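Enquirer: Working from the sequences, and respecting the hints, build out all of it.
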Amino acid sequence: MKIGILMMEHNKTRQQSVMPDVVQILTDWGVAVDLIYPEQELIEIANIRVEHDLYVLKASTNLAMSVAGALHGIGAAVLNPYPVAVILRDKIVTERILRTAGVPTPDTFVTDRAEHLAPLLATGPLIIKPYRGSRGRGVRVVWDADELDELSSIDGPLFAQRYQKPEGLDRKIYCIGEQVFGVERVWPALSYEDKLGRPFTITPELRDIALRCRRTFGVDLLGLDVIISDGRPYVVDVNSFPGFKGVPDAALRLADYIFAAAEHRRQQHPSRARQPLEEMQQ
Amino acid sequence: MKAAIIGSGRIGCGFAGHLLSAAGYEVVFVARNPIMVSHLNRLGCYRVRLANGRDQTEYAVSGVRAVDTADRAASVAVLAETDLIVTAVGPTNLASVAPLVADALQTRSTPLNIFTFENLADGGAHLRSKVATCLPEGFPLDRFGFSGTLVSRAVTQRLGNPLSDEPMVFVGDPPDSFVVDATHLVAPVPAIASMIVADNFAAWMRRKLYIFSAGHATCAYLGYLKGYRYIHSAIRDGEIRSAVVEAMAEAQRGIAAIYGEAFAGGPAHLQEIIERFANAAITDSISRVARDPFRKLASEDRLLGAARLAWEAGVHPHQLLRAAAAAYCFSDPADAHAAELQKEIRVTGMRPTMRRVSGLKADDRLGRTLVTRWRQLTRHWHGDSVLLSLSHVHWA
Chain A
1 MKIGILMMEH NKTRQQSVMP DVVQILTDWG VAVDLIYPEQ ELIEIANIRV EHDLYVLKAS
61 TNLAMSVAGA LHGIGAAVLN PYPVAVILRD KIVTERILRT AGVPTPDTFV TDRAEHLAPL
121 LATGPLIIKP YRGSRGRGVR VVWDADELDE LSSIDGPLFA QRYQKPEGLD RKIYCIGEQV
181 FGVERVWPAL SYEDKLGRPF TITPELRDIA LRCRRTFGVD LLGLDVIISD GRPYVVDVNS
241 FPGFKGVPDA ALRLADYIFA AAEHRRQQHP SRARQPLEEM QQ
Chain B
1 MKAAIIGSGR IGCGFAGHLL SAAGYEVVFV ARNPIMVSHL NRLGCYRVRL ANGRDQTEYA
61 VSGVRAVDTA DRAASVAVLA ETDLIVTAVG PTNLASVAPL VADALQTRST PLNIFTFENL
121 ADGGAHLRSK VATCLPEGFP LDRFGFSGTL VSRAVTQRLG NPLSDEPMVF VGDPPDSFVV
181 DATHLVAPVP AIASMIVADN FAAWMRRKLY IFSAGHATCA YLGYLKGYRY IHSAIRDGEI
241 RSAVVEAMAE AQRGIAAIYG EAFAGGPAHL QEIIERFANA AITDSISRVA RDPFRKLASE
301 DRLLGAARLA WEAGVHPHQL LRAAAAAYCF SDPADAHAAE LQKEIRVTGM RPTMRRVSGL
361 KADDRLGRTL VTRWRQLTRH WHGDSVLLSL SHVHWA
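Residue numbers (our numbering), protein chains in the order written: chain A, 1 to 282; chain B, 1 to 396.
Just so you know, the hints here were simulated from the structure itself, not pulled from any lab data.
Watch out, some of these pointers could steer you wrong.
Said to hold, decoys possible - Subject to a maximum C-alpha distance of 25 Å in a straight line, what follows is the list of computed DMTMM-like cross-link-like pairs (lysine to aspartate or glutamate): (1) A:K165 <-> A:E263; (2) A:K2 <-> A:E51; (3) A:K195 <-> A:E147; (4) A:K195 <-> A:D21; (5) B:K361 <-> B:E344; (6) A:K2 <-> A:D28; (7) B:K130 <-> B:E275; (8) A:K2 <-> B:E275; (9) A:K2 <-> B:E340; (10) A:K2 <-> B:D55; (11) B:K130 <-> B:E58; (12) A:K2 <-> B:E166; (13) A:K2 <-> B:E344; (14) B:K343 <-> A:D208; (15) B:K361 <-> B:E275; (16) B:K343 <-> B:E275; (17) B:K130 <-> B:E344; (18) A:K195 <-> A:E9; (19) B:K361 <-> B:D384; (20) B:K2 <-> B:E81; (21) B:K343 <-> A:E51.
As the list claims (entries may be wrong) - So these bits of chain B aren't anywhere near chain A, every CB distance computed over 10 Å: (22) A22; (23) A51; (24) R54; (25) Q106; (26) P111; (27) A198; (28) R229; (29) S242; (30) Q342; (31) H380.
As the structure is a prediction and not an experimental result, all values here were calculated from the model.
Every residue gets a Cβ at the ideal spot worked out from N, C-alpha and C, and that includes glycine.
Expert: If you want it as structure tokens, here you go:
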């Protein structure tokens, strides 16, 4: 079994990614794992070929996404699927799909001009996020129209959600296939321990929301940020292949899932998995 | 020398066919799957991949052919002329082959051994009794040896498409020995290098069932609750690994009390078993090992038979009973028996179900502990939630 993992380099101060453990477990199981760092290579596009039973798209850099897209285009199995990973990078598209699926989200607006947001502030604060942001970077709460000038430095459209005052801790919900895990943590998380938070037992309502998201996007490795406000849950962010911090035995669970996905692919397409598209068409 | 193997599934092809072919037998499969029969006749071969971690060795089993059981005359002819019959049809299908075997025996004048590769304690006797009902009164059935066997290899996968012209591949782990019940053999006894002829077959059977199979089931049922898909994943979970080792140790002490410590084996024997469970190359799925919980929860089967034996030896079988409690939670939607078990618990309650399925009363010591364990596990359980911790029974 061969698995390629599209990775991105992190600075050395970043603590405890789950991926090294996942790779170690898969390797112990006899899987040939190749770590692919697209940013570190000169890639001749014609040489991009399907050489693995499964590709795991862990990186979210532009180049990694493009390489995943190229592999998807020539018949590779990519986890999470490339088209969904692209959708989930864009909060505007994601928000619209969540709404259609009946997933509760705060009222959400998008504009290219900060002054358009001024009338909305009359009825309460807004949370502004980079429309392609992640890990809470660039997120700010705007209470007053005076603060809108500060948004001019943000590149790209402004993604604005009605601020819902959270009750208690933030809730992170993770899906690994049909399995749903909850971790509650303080926000903002300042230390590694803060990020780990603590597991909580998922309520049927949160499970339903998580599984509805999973079904809607057709994606198996998923993270949701949920806040509870006035007793109601709101999904405020969705991530493809999150870090699963705080999920007990996360590395083993992910390795188990990835192994099953590769095995499934291998059984479905025993000879096709490693063939480039040109050969398949012949 | 000719060997007829009834059944062309994983054990039939991946173990019996491989072993007998290597021992010099001309192998003919008698099978009810016409696609597989056609495939074997078209190609005359298949492959067996024996995998241990990253080490894999593939063997070609060639010169084989097959007949369809639907062609009764051809099937009887094969069984009538063979030097050895092996069944590998699964315990629940064993009775269904009895009429065919009976027809074949009536055409023979020479003695013959029939091995049941079904991992059943009384596989040989069971088949013999079913065959006897299909024979005329006074038939000299004693000329034929019906022997149960104990197969060491786990064959977990059949890869490939029998409609194609690529040989099928059967994936298993390397062990190649099997134990045969000596008490029912008739001369001439087949000469197969890896065959262990055992006078105390029942003891071997109990050792395998109560130590290896009990550990396997413990790993599967706890692994299911913790959300793993494979045995090799579950055994890597520290809590499950400890529980499996302790469950097997409980059973081992029960076996030692009856058959002696040397026969029961020590920690090294358990370690060997754990390493087999950790072998990812055979991709042994939790759903395969856990399936049919009714059978696995029966009074004398792997978990509760072992628990009873341990109890009689003065060992409280905590881990075996927890594994049995986990088995009572097994609710894989793809497993019809699991759904039936959960329905019975819902409709009649845990205690009556336990009494019917496992023969345990809630007021005896083992039954009481099992019910307590089951209650602990099912508190806050929603059926589709994942157990995060065995020690604290914390559900995701």
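Enquirer: Failing hints, ascending?
Expert: Hints 1, 3, 7, 9, 11, 13, 15, 16, 17, 19, 21, 23, 24, 28, 31 contradicted; others consistent.
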